[in-house]
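Asks: Chains F and Y, in that order, give the protein sequences. Take the first sequence: its letter number 13 is residue 13 in this note's numbering, and every next letter is one higher. Take the second sequence: its letter number 60 is residue 60 in this note's numbering, and every next letter is one higher.
Read the hints as simulated data drawn from the structure, not as lab findings. Treat each hint with caution, since some may be false.
Which chain F residues stay away from chain Y? Per the calculated CB distances, all over 10 Å, these [claimed, not checked]: (1) A2; (2) Q18; (3) G62.
Restricting the straight-line Cα-Cα distance to at most 30 Å, the calculated cross-link-like pairs of lysine-lysine (DSS-like) are [stated by the list, open to error]: (4) Y:K56 / Y:K42; (5) Y:K103 / Y:K67; (6) F:K13 / Y:K56; (7) F:K57 / F:K1; (8) Y:K67 / F:K1; (9) F:K13 / Y:K103; (10) Y:K42 / Y:K103; (11) Y:K67 / F:K13; (12) F:K1 / Y:K42; (13) Y:K103 / F:K57; (14) Y:K56 / Y:K103; (15) F:K57 / F:K13; (16) Y:K42 / F:K13; (17) Y:K56 / Y:K67.
Built from N, CA and C at the ideal position, the CB exists for glycine as well.
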Amino acid sequence: KAGVTQTPRYLIKTRGQQVTLSCSPISGHRSVSWYQQTPGQGLQFLFEYFSETQRNKGNFPGRFSGRQFSNSRSEMNVSTLELGDSALYLCASSGGGLNEQFFGPGTRLTVL
Amino acid sequence: QKEVEQNSGPLSVPEGAIASLNCTYSDRVSQSFFWYRQYSGKSPELIMSIYSNGDKEDGRFTAQLNKASQYVSLLIRDSQPSDSATYLCAVSRPPGYALNFGKGTSLLVTP
């Protein structure tokens with residue numbers, strides 16, 4: 001089974017721009033979660049989608065948004081980028097009732 | 001607010017020894033407990049999951065859970081230099097809730 005894929009792997013943007021990141025979950029998985037990882041804050045939960053519905057949301061400003069498509073692929077969008085948004089953005093998919101989450105390779109976002 | 005606490009380390013153990021990694025959590029409703037391994041520059045990799053009190057063994061790894069004490073640990077037997085990584089403890093409520101991560105313990109296995 002193919003793992004979780006994320007595109008792009010690396011991204012450089014400037015302040016004020018917006019960015020869209022993509023995630024394809026493991027085949028058959030319907031839940032996709034997004035996390036932000038920084039050296040200072042560690043892994044922080046952004047949001048989780050299940051069957052195209054946002055089921056849970058973390059404590060991030062409204063500039064961070066996401067969606068899920070009928071094929072379970074998910075995108076997250078960050079608008080009006082700030083320097084502090086520089087981070088590794090990780091997507092994880094889950095397919096069972098035990099909430100085991102499997103991570104993709106991540107997208108490294110640098111905001112200049 | 002959730003808290004998952006881990007000693008940041010680094011924890012240094014000689015090759016062949018047992019590495020013991022610990023994690024405490026504050027949310028008593030937590031039902032699922034996970035250990036992830038993260039190599040530098042890579043994404044977290046799930047290595048163990050545990051859901052009920054007691055021990056769960058998988059190869060060289062043993063996860064231990066004590067819900068009364070709100071404590072979960074990971075033992076790595078016969079540690080190898082390739083085990084050198086950051087180990088992240090994650091805790092969650094029922095499915096659909098976020099994984100709450102500790103900040104990780106850095107493990108260094110010296111030859």
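Asks: Each hint should be assessed against the structure and marked as holding or not.
Replies: Structure-based check of each hint:
The claim that A2 of chain F lies off the interface holds: its Cβ sits roughly 15 Å from the closest Cβ of chain Y, which is beyond the 10 Å cut-off. Once the 10 Å rule is applied to beta carbons, Q18 of chain F is consistent with being away from chain Y; the minimum gap is 24 Å. For G62 of chain F, the condition that its CB be more than 10 Å from all CB atoms of chain Y holds, with the nearest at approximately 18 Å. Pair hint K56 of chain Y plus K42 of chain Y holds up; C-alpha atoms about 26 Å apart against a cutoff of 30 Å.
In summary, the hint linking K103 of chain Y to K67 of chain Y is supported, as the alpha carbons are separated by about 20 Å, within the 30 Å threshold. For a cut-off of 30 Å, the pair hint linking K13 of chain F to K56 of chain Y is broken: about 45 Å separates their Cα positions. Distance check on the hinted pair: K57 of chain F and K1 of chain F sit about 28 Å apart at the alpha-carbon level, within 30 Å; holds. At most 30 Å may separate the alpha-carbon atoms for a hinted pair to count; K67 of chain Y and K1 of chain F exceed this at roughly 34 Å.
A threshold of 30 Å between alpha carbons decides the hint, and for K13 of chain F with K103 of chain Y the separation of about 27 Å falls inside it, so the pair holds. Simply put, K42 of chain Y and K103 of chain Y have alpha-carbon atoms about 15 Å apart, close enough for the 30 Å limit, and the pair holds. Between the alpha carbons of K67 of chain Y and K13 of chain F the distance comes to roughly 44 Å, so the proposed pair goes past 30 Å and is violated. Between K1 of chain F and K42 of chain Y the alpha-carbon distance is near 20 Å, which keeps this suggested pair within the 30 Å criterion.
At most 30 Å may separate the alpha-carbon atoms for a hinted pair to count; K103 of chain Y and K57 of chain F meet this at roughly 20 Å. Between K56 of chain Y and K103 of chain Y, the direct Cα distance comes to roughly 23 Å. Compliance with the 30 Å bound is thereby established for this hinted pair. Under the criterion of a C-alpha separation no larger than 30 Å, the hint pairing K57 of chain F with K13 of chain F is consistent with the structure, at around 25 Å. The hinted pair formed by K42 of chain Y and K13 of chain F meets the criterion: a straight-line CA distance of about 21 Å does not exceed 30 Å.
Note on K56 of chain Y and K67 of chain Y: the hinted pairing holds, with a Cα-Cα distance of about 14 Å set against a maximum of 30 Å.
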